[in-house]
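In order, the protein sequences belong to chains A and B. Residue numbering for the first sequence follows the working numbering, starting at 1 and increasing by one per position. Residue numbering for the second sequence follows the working numbering, starting at 309 and increasing by one per position.
FYI, nobody ran anything at the bench for these hints, they're computed from the structure. Misleading hints may appear alongside valid ones.
Reference listing, derived: stretches of chain B covered by chain A, where coverage requires no fewer than 3 residues with Cβ under 8 Å from a Cβ of chain A [stated by the list, open to error]:
no.	region
1	392 to 399
2	542 to 550
3	569 to 578
Heads up, the beta-carbon is just placed ideally off N, CA and C, and yes, glycines get one too.
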Amino acid sequence: MLSRIAESMFWIGRYVERAEATARILDVHYHLVVQDALIDESAACAALLTVMGAPDAINEDVTLDEVNEVLGYSLDHPSSIAATLFAARENARGAREAISSEMWETLNATHHALGGRVATARSLGPNSFFRYVKERAAVVGGLVDSTLCRDDGYRFLVLGRALERVDMTARLLIARATVADTPGGWVTTLLCCSAHEAYLRTYRRAVDASLVAEFLLLDRSFPRSVLYSLNEAENALIALDRQQAKTGSDEAARLLGRSAADLEYRRLDELLAELPTHLGELQHTVASAASAIAERYFRQTRPMEWSA
Amino acid sequence: MSDLFDGYELDQAFDEMFGRADDPRPPYAALHETLRLLSNEEFAERCATRDRSFRDQGITFSLSGEERPFPLDLVPRVIAADEWALIERGVAQRVRALEMFLADVYGAGEVFEAGIIPRRLVYSSSHFHREAVGVNPPNGVRVHVSGIDLIRDEHGTFRVLEDNLRTPSGISYVVENRRAMSQVFPELFASHRVLPVATYPARLLEALRAAAPGGVDDPTVVVLTPGMYNAAYFEHSFLARQMGVELVEGRDLVCRNNIVRMRTTTGERRVHVIYRRLDDEFLDPMQFRADSALGVAGLLNAARAGEVTIANAVGNGVADDKLVYSYVPDLTRYYLGEEPILPNVHTYRLGDDDVRQHVLNRLDELVLKPVDGSGGYGLVIGPQATDEELATLRDEITAHPRDWIAQEVVQLSTSPTHAEGKFQPRHIDLRPFAVNDGDRVWVVPGGLTRVALPKGSLVVNSSQGGGSKDTWVLADPLATSLHPEPPPPPAVALSNQSQLFDTPAPETGPGLGQQQQQQQQESLVSSC
């Protein structure tokens with residue numbers, strides 16, 4: 001397939017996942033802070049903005065509403081939900097022949113409806129907005145599943161989505177690991193990944209910091225765990241690589257595979273003791289893998305300048 | 309009881325629906341009856357459905373930075389089978405004559421020797437490209453796709469207003485208008501037999517494949533777009549999707565040693581036919597504008613070497629120059645030995661001193677058009693122009709007579725159009741689309757009917773605030789199939805058909821035809 005289209009598919013996957021994950025995180029964060037009178041609102045908001053890559057927006061007494069503006073509604077902030085969904089829609093617009101009409105219509109209609117949803121959220125509270133974003137992301141996911149051919153375009157989309165999941169889950173764990181430890185906080189972390197119920201079913205006991213980290217990093221069956229997403233991304237890369245002769249011949253697959261092995265075979269107490277370091281490495285791995293993918297598959301998609 | 313047709317006023321223009329007030333022409337009878345029974349509220353509801361459908365699918369156009377749904381008027385334009393037969397033959401004839409003219413202009417130039425059209429006139433056209441001389445398309449086709457704009461005068465006669473042989477756009481709206489109409493007004497399709505338009509992409513793909521360089525069994529066809537910020541991007545993407553081919557931008561292609569390839573995730577892949585939706589000037593920075601980043605360097609030489617086919621061919625614009633237009637009836641007689649089926653609009657050539665003087669004296673009564681314009685840009689309608697505009701025009705024409713033609717004002721026909729809460733007459737034209745595969749010229753049954761939405765306006769271009777209508781060609785009442793082609797003969801003659809069904813039908817026990825349901829949940833419920 002065309003390199004330019006492949007790149008668009010990769011980023012549709014990443015952006016939709018990012019919008020959904022951001023909506024989950026903001027939703028849980030907002031309601032946690034609102035419900036718990038003991039939490040310092042501006043400190044919690046500053047921590048969240050830092051981990052979501054928006055430290056510029058921090059001021060002395062940053063409020064929940066400001067966080068929602070910056071990470072949710074504002075088209076001016078590149079990683080806000082609105083901007084991310086717009087970017088996904090623009091990519092889809094340039095790749096319409098590679099995706100199904102239903103998928104395009106969903107992304108397009110979502111973008112058009114967002115303005116109205118933001119207006120409602122500003123007056124009635126953000127929950128309906130977050131729910132809308134999560135639902136639309138689920139519709140896109142369903143259409144990806146039911147209407148896309150399992151061709152390279154599909155694989156690039158899955159690859160982007162899996163990489164984004166690794167990144168977002170790592171951000172979430174960093175956010176938790178860098179603030180004061182409270183049991184309620186870890187429940188929040190699970191809720192952000194919609195992993196609370198899955199956790200309870202798996203461990204059948206009260207939420208415990210090290211178990212939550214283990215679950216979100218290493219669970220083999222939970223689709224948002226870091227290990228699961230790393231494996232999914234690696235599998236997509238292997239399927240894309242027609243000339244693959246031996247493991248590790250593709251730079252991105254090598255990086256992801258090494259990272260997965262590192263997580264899996266490191267002793268758990270060691271992993272948890274150095275959690276922030278490992279999470280930082282994970283984010284670094286995602287960024288390097290994305291560059292390697294761009295280098296190999298999306299090269300030469302800039303317009304060529306011709307001077308006589 | 310009042311209805312949406314109340315106060316519908318006929319003037320001297322030919323009205324498509326009404327011969328006389330309240331008396332619809334026969335092809336419109338059923339449509340009129342259905343629309344008459346609708347209240348304004350019901351009609352407005354359908355308009356809302358239409359807008360939502362267009363907006364969700366991204367069928368929009370930008371108007372001062374805002375995305376608006378494409379303006380489709382919900383009253384279709386109806387063309388009876390016999391009227392259509394004339395248009396179909398006339399358009400095909402015109403395309404054949406223009407094909408021969410282009411081959412002659414970029415080849416032997418016999419038409420000049422025969423004295424049919426002056427050589428100077430053709431070579432001075434801004435769309436004549438010396439670079440296209442010697443580029444011989446593999447199957448002889450230069451006009452793979454054309455849009456011949458027709459209008460209907462006061463007497464109901466169809467006339468050709470202009471030819472579009474470069475990159476005519478609008479076919480996606482033809483197909484999408486039909487789809488939207490069938491969602492908004494399904495009951496109308498039950499009472500009319502309308503010829504289908506959705507086969508266009510398949511026809512186009514066939515014609516493009518037939519145009520591939522010789523010796524290629526399974527050619528790779530691509531659509532070349534300037535990119536998603538182009539006004540017609542929706543159409544480019546639509547055609548690529550409907551044909552199942554790649555939509556490429558200039559940066560996706562690379563040309564080396566006269567071979568054109570596209571960059572894919574698995575390396576470079578050879579391209580044989582490029583359906584380009586990019587003007588000549590931007591196509592190849594080596595031959596045309598060096599600052600164009602939209603095209604592919606070396607493309608034209610690759611076409612000259614016969615390694616790739618560019619559709620439509622480079623240099624076609626010379627044949628849709630508006631001054632050349634005035635010669636098309638003569639060209640038709642010269643090349644085909646036939647009388648033109650569709651007449652032109654009467655046109656004055658301003659190169660002749662006497663004619664020019666006559667036109668300058670009557671500027672306030674005529675329509676003046678720049679010869680190389682399209683999209684209605686630069687057009688001056690004399691009766692509606694100010695004295696100041698006419699004075700500027702007079703100087704312009706005196707200085708550059710080659711750049712202008714003059715035509716009599718034609719009252720375009722009118723059609724009932726929803727405006728200000730009721731149906732009102734608005735002027736319309738028709739752009740039928742023709743596809744030439746080298747063996748025959750096929751005309752899409754219907755085409756794009758454009759409508760001038762402001763009252764009294766004669767300018768239908770969407771860039772000038774025009775809308776569109778779904779265009780229905782009604783099936784011949786005697787025809788048995790909506791697809792005019794004869795059905796393929798049965799592969800095997802069946803001497804005893806009943807034998808086919810001799811094997812007994814499988815036993816269908818109770819419930820076997822039903823869909824399977826989840827069992828576990830149900831049994832759980834019954835056991836507790």
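Structure-based check of all given hints:
Counting residues of the region 392 to 399 of chain B whose C-beta lies closer than 8 Å to any C-beta of chain A gives 0; at least three are required, and the coverage claim is violated. Taking a C-beta to C-beta cut-off of 8 Å, the region 542 to 550 of chain B contributes 3 residues in contact with chain A, enough for the three needed, and the coverage statement holds. Under a criterion of three residues with beta carbons nearer than 8 Å to beta carbons of chain A, the stated coverage of the region 569 to 578 of chain B is upheld, 5 such residues being counted.
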